[in-house]
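Chemist: One-letter residues, chain by chain:
2 protein chains.
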Amino acid sequence: MGGDFGPEVVIPAAALALDDMSGKISYIFFGDENRIKPLLGKYKVLEGISEIHHTSGIVTNDEKPSVAIRRKDTSLRLAIEAVKEGRAQSIVSAGNTGALMATAKLVLRCLPGIKRPALASVLPTRQGDTVMLDLGANLVCDAQMLVQFAVLGSVYARVVKGIDTPRVGILNVGSEDMKGPDLVREAASILTNIVFPGDYYGFVEGDDLAEGLVDVVVTDGFTGNIALKVAEGVSKLTSHYMKEAFLSSLPAKMGAVLAGCALKKVKKRMDPRYYNGGMFLGLDGICVKSHGGMDVYGVSRAILVAAHLVEQGYNSEVAHEIALVMNQQSNGIEPEGVIA
Amino acid sequence: MGGDFGPEVVIPAAALALDDMSGKISYIFFGDENRIKPLLGKYKVLEGISEIHHTSGIVTNDEKPSVAIRRKDTSLRLAIEAVKEGRAQSIVSAGNTGALMATAKLVLRCLPGIKRPALASVLPTRQGDTVMLDLGANLVCDAQMLVQFAVLGSVYARVVKGIDTPRVGILNVGSEDMKGPDLVREAASILTNIVFPGDYYGFVEGDDLAEGLVDVVVTDGFTGNIALKVAEGVSKLTSHYMKEAFLSSLPAKMGAVLAGCALKKVKKRMDPRYYNGGMFLGLDGICVKSHGGMDVYGVSRAILVAAHLVEQGYNSEVAHEIALVMNQQSNGIEPEGVIA
Numbered sequence: 239m240g241g242d243f244g245p246e247v248v249i250p251a252a253a254l255a256l257d258d259m260s261g262k263i264s265y266i267f268f269g270d271e272n273r274i275k276p277l278l279g280k281y282k283v284l285e286g287i288s289e290i291h292h293t294s295g296i297v298t299n300d301e302k303p304s305v306a307i308r309r310k311d312t313s314l315r316l317a318i319e320a321v322k323e324g325r326a327q328s329i330v331s332a333g334n335t336g337a338l339m340a341t342a343k344l345v346l347r348c349l350p351g352i353k354r355p356a357l358a359s360v361l362p363t364r365q366g367d368t369v370m371l372d373l374g375a376n377l378v379c380d381a382q383m384l385v386q387f388a389v390l391g392s393v394y395a396r397v398v399k400g401i402d403t404p405r406v407g408i409l410n411v412g413s414e415d416m417k418g419p420d421l422v423r424e425a426a427s428i429l430t431n432i433v434f435p436g437d438y439y440g441f442v443e444g445d446d447l448a449e450g451l452v453d454v455v456v457t458d459g460f461t462g463n464i465a466l467k468v469a470e471g472v473s474k475l476t477s478h479y480m481k482e483a484f485l486s487s488l489p490a491k492m493g494a495v496l497a498g499c500a501l502k503k504v505k506k507r508m509d510p511r512y513y514n515g516g517m518f519l520g521l522d523g524i525c526v527k528s529h530g531g532m533d534v535y536g537v538s539r540a541i542l543v544a545a546h547l548v549e550q551g552y553n554s555e556v557a558h559e560i561a562l563v564m565n566q567q568s569n570g571i572e573p574e575g576v577i578a
Numbered sequence: 239m240g241g242d243f244g245p246e247v248v249i250p251a252a253a254l255a256l257d258d259m260s261g262k263i264s265y266i267f268f269g270d271e272n273r274i275k276p277l278l279g280k281y282k283v284l285e286g287i288s289e290i291h292h293t294s295g296i297v298t299n300d301e302k303p304s305v306a307i308r309r310k311d312t313s314l315r316l317a318i319e320a321v322k323e324g325r326a327q328s329i330v331s332a333g334n335t336g337a338l339m340a341t342a343k344l345v346l347r348c349l350p351g352i353k354r355p356a357l358a359s360v361l362p363t364r365q366g367d368t369v370m371l372d373l374g375a376n377l378v379c380d381a382q383m384l385v386q387f388a389v390l391g392s393v394y395a396r397v398v399k400g401i402d403t404p405r406v407g408i409l410n411v412g413s414e415d416m417k418g419p420d421l422v423r424e425a426a427s428i429l430t431n432i433v434f435p436g437d438y439y440g441f442v443e444g445d446d447l448a449e450g451l452v453d454v455v456v457t458d459g460f461t462g463n464i465a466l467k468v469a470e471g472v473s474k475l476t477s478h479y480m481k482e483a484f485l486s487s488l489p490a491k492m493g494a495v496l497a498g499c500a501l502k503k504v505k506k507r508m509d510p511r512y513y514n515g516g517m518f519l520g521l522d523g524i525c526v527k528s529h530g531g532m533d534v535y536g537v538s539r540a541i542l543v544a545a546h547l548v549e550q551g552y553n554s555e556v557a558h559e560i561a562l563v564m565n566q567q568s569n570g571i572e573p574e575g576v577i578a
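First to last, the sequence lines map onto chains V and L. In this text, residue positions in the first sequence follow our numbering: the first is 239, and each later residue adds one. In this text, residue positions in the second sequence follow our numbering: the first is 239, and each later residue adds one.
Treat each hint with caution, since some may be false.
What the hints assert, rightly or not - DSS-like mimics (lysine-lysine), calculated; alpha carbons at most 27 Å apart, straight line:
id : chain 1 : residue 1 : chain 2 : residue 2
1  : V       : 474       : L       : 503
2  : V       : 474       : L       : 506
3  : L       : 505       : V       : 491
4  : L       : 310       : V       : 502
Stated by the list, open to error - A partial selection of chain V residues facing chain L, derived with a Cβ cut-off under 10 Å:
id : residue
5  : 287
6  : 354
7  : 417
8  : 440
9  : 444
10 : 446
11 : 459
12 : 479
13 : 488
14 : 493
15 : 497
Said to hold, decoys possible - Here are the in silico distance ranges between beta carbons for each label pair:
id : chain 1 : residue 1 : chain 2 : residue 2 : range
16 : V       : 403       : L       : 477       : 50 to 56 Å
17 : V       : 403       : L       : 299       : 28 to 34 Å
18 : V       : 402       : L       : 419       : 34 to 40 Å
Since the hints were derived computationally from the structure, they do not count as laboratory data. Glycine included, C-beta positions come from ideal geometry on N, C-alpha and C.
Same shape as in the complex, but just chain V (with noise of 0.2 Å):
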């Protein structure tokens, strides 16, 4: 029910990643079935694979995370339980981000050893695609949280995207050893001593991010969901100030018509469509966000996400590996100069 179209764009986009992943999914939608009913109908590839389950309660927008999390019956907790209670592998959503997260986290909790769960994403970099983590779940970290985000982002670079020791960078002010504040560097330490399933590159800086310099991104909350949003609306400036010039004047406008070709594989190599699907990584249960104002194209790749998720068996690896970094630290194989 939830993002600006609610079941007229993810009934679609259900039947779209059906495709994409040669059926190998079923759906339980929960939401309003007078609206999810005629809807479903129309495409024949999702009968026989889908149900319905009936929710009268909504979790608005704007409605506040802790009013949300009180609520038993809307289609958003409801979700989340049939993930809770292995009737469903995955929870994918439109909706309130923070009331998703809230819920998610009190009724799925976190993987055994995790600290705090992590909103992760991927994105569009010139070598390739880079995962960064976290992206606005947790505003204030710790080191080990940072350390445990590293463990989470390169099990993704690993499984989903089939990177064997994927490179893991901090965000950072500078690339030296001794540039950024303790946080970051007692993270950085720990990762240089300890054994992961990535390799620990160093710092990054923000204009490394679109160089993919590295495969995994870690970073605090706060920072990270700035860093996307600068991001995203840099690109957006951008290709709202190329649209003005090519509509500027007649030869500009002949030029777009002969250069239309290559324009829109640009546009397609930085589609925040096809990057479309905010990760939850952390909790036991996959639970992935979707952009609220999202198409079907958009959504499709959300529910993408969610099933090549539970397909590589990802929580499982993570729980995995999570126990092995922290058997390592109460082993005492702990960081060197670390920042008092």
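Guided by the hints, dock chain L onto chain V, whose structure is given.
Modeler: Frame of chain V, contents of chain L only:
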């Protein structure tokens, strides 16, 4: 002597800036006389208004600030001392940022009442320019520092950009009052309750930066540095993609030629050279940093930033306004609802 090109770029840039200021600048060039003198000879406009202060010491780009501040014979140190002693009204350098900041702080000290100076810069947005600070001088900030940054930025927007009551936003992960870490909420509470030279707008998000919702964006140096570099990186990646696209086929190439004029305007609108010139605001003396890789036009822009700050009496305005703000706070006009 600083930057990637030294006097070979700085001297012609000085001539160009002089032209822009209708001759209302005079220069003291600190550095190697043997390199500066022949160059000066080529620019007749600089004759009679330029002085060379020969120095043998140079701060290299990889020199640690802690080492640089102990050297008394460098062009950087001696140029800053000229400002301290009133022989110059401002210092512009394309050299080592950390060394410039540390030496300027040590020699010039802060204006009365200023806790810490901030690095500020002007950024292009959809609706004109925005000044943003801190961009990396203070990685960890408290609420009082953010409040002072708001004053520093507002006075800049008023006296240099001519905006009567500049709108001031604090960078945050959401626009609602209850969003964000204690630091930003406390600063917001103070700015809501005091009279200062700007108009407190509220929280702004990462994507609001490019939109230009406000005239002044306030943030801590860690977040600001990363946000600025993310914007630079995305901007660079987009233009790289565009170039690649325009070279990818014959029709695209022809399109680029036809739209050339319009595309140049876009490029100019986001030209980093135009926006060159990081200001260390809050010091008892004007200090401006040029990017090291800038060409003649870029360095001339940084010189003009310094010239405008001097011409508009920025520092005496700031000293006055900071005193007023401090007075309100010590008189018990305390922020309401501060988070404990």
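Chemist: Confirm or reject each hint.
Modeler: Structure-based check of each hint:
Of the pairs offered as hints, the one joining residue 474 of chain V and residue 503 of chain L holds, with about 17 Å between alpha carbons and a cut-off of 27 Å not exceeded. Pair hint residue 474 of chain V plus residue 506 of chain L holds up; C-alpha atoms about 17 Å apart against a cutoff of 27 Å. Of the pairs offered as hints, the one joining residue 505 of chain L and residue 491 of chain V holds, with about 17 Å between alpha carbons and a cut-off of 27 Å not exceeded. Taking the CA atoms of residue 310 of chain L and residue 502 of chain V, the gap is near 57 Å; set against the 27 Å cutoff, the hint is violated.
Against a cut-off of 10 Å between C-beta atoms, the interface hint on residue 287 of chain V is violated, since the closest Cβ of chain L lies about 38 Å away. A distance limit of 10 Å between C-beta atoms decides the matter here; for residue 354 of chain V the minimum to chain L is near 15 Å, and the interface restraint is violated. Given hint, residue 417 of chain V at the interface with chain L, holds; its Cβ is 9 Å from that chain's nearest Cβ, closer than 10 Å. Interface hint at residue 440 of chain V: violated, since its Cβ lies 15 Å from the closest Cβ of chain L, which is beyond the 10 Å cut-off.
The beta carbon of residue 444 of chain V is positioned within 10 Å of a beta carbon in chain L (closest approach about 3 Å), and the interface hint is therefore held. Look at residue 446 of chain V: its Cβ gets to within about 7 Å of chain L, closer than 10 Å, so that hint holds up. The beta carbon of residue 459 of chain V comes within 7 Å of a beta carbon in chain L, closer than 10 Å, and the hint placing it at the interface holds. At its closest, the beta carbon of residue 479 of chain V sits 5 Å from a beta carbon of chain L; the interface hint therefore holds under the 10 Å criterion.
Look at residue 488 of chain V: its Cβ gets to within about 9 Å of chain L, closer than 10 Å, so that hint holds up. At about 3 Å, the closest approach between the beta carbon of residue 493 of chain V and any beta carbon in chain L falls short of 10 Å, and the interface hint on this residue holds. A cut of 10 Å between beta carbons decides the hint on residue 497 of chain V: the least distance to chain L is about 3 Å, and the hint holds. Take residue 403 of chain V and residue 477 of chain L: their Cβ atoms lie about 32 Å apart, and the range 50 to 56 Å is violated.
At roughly 33 Å, the beta-carbon separation of residue 403 of chain V and residue 299 of chain L lies within the given 28 to 34 Å, and the hint holds. A hinted range of 34 to 40 Å holds for the C-beta pair residue 402 of chain V and residue 419 of chain L, which are about 37 Å apart.
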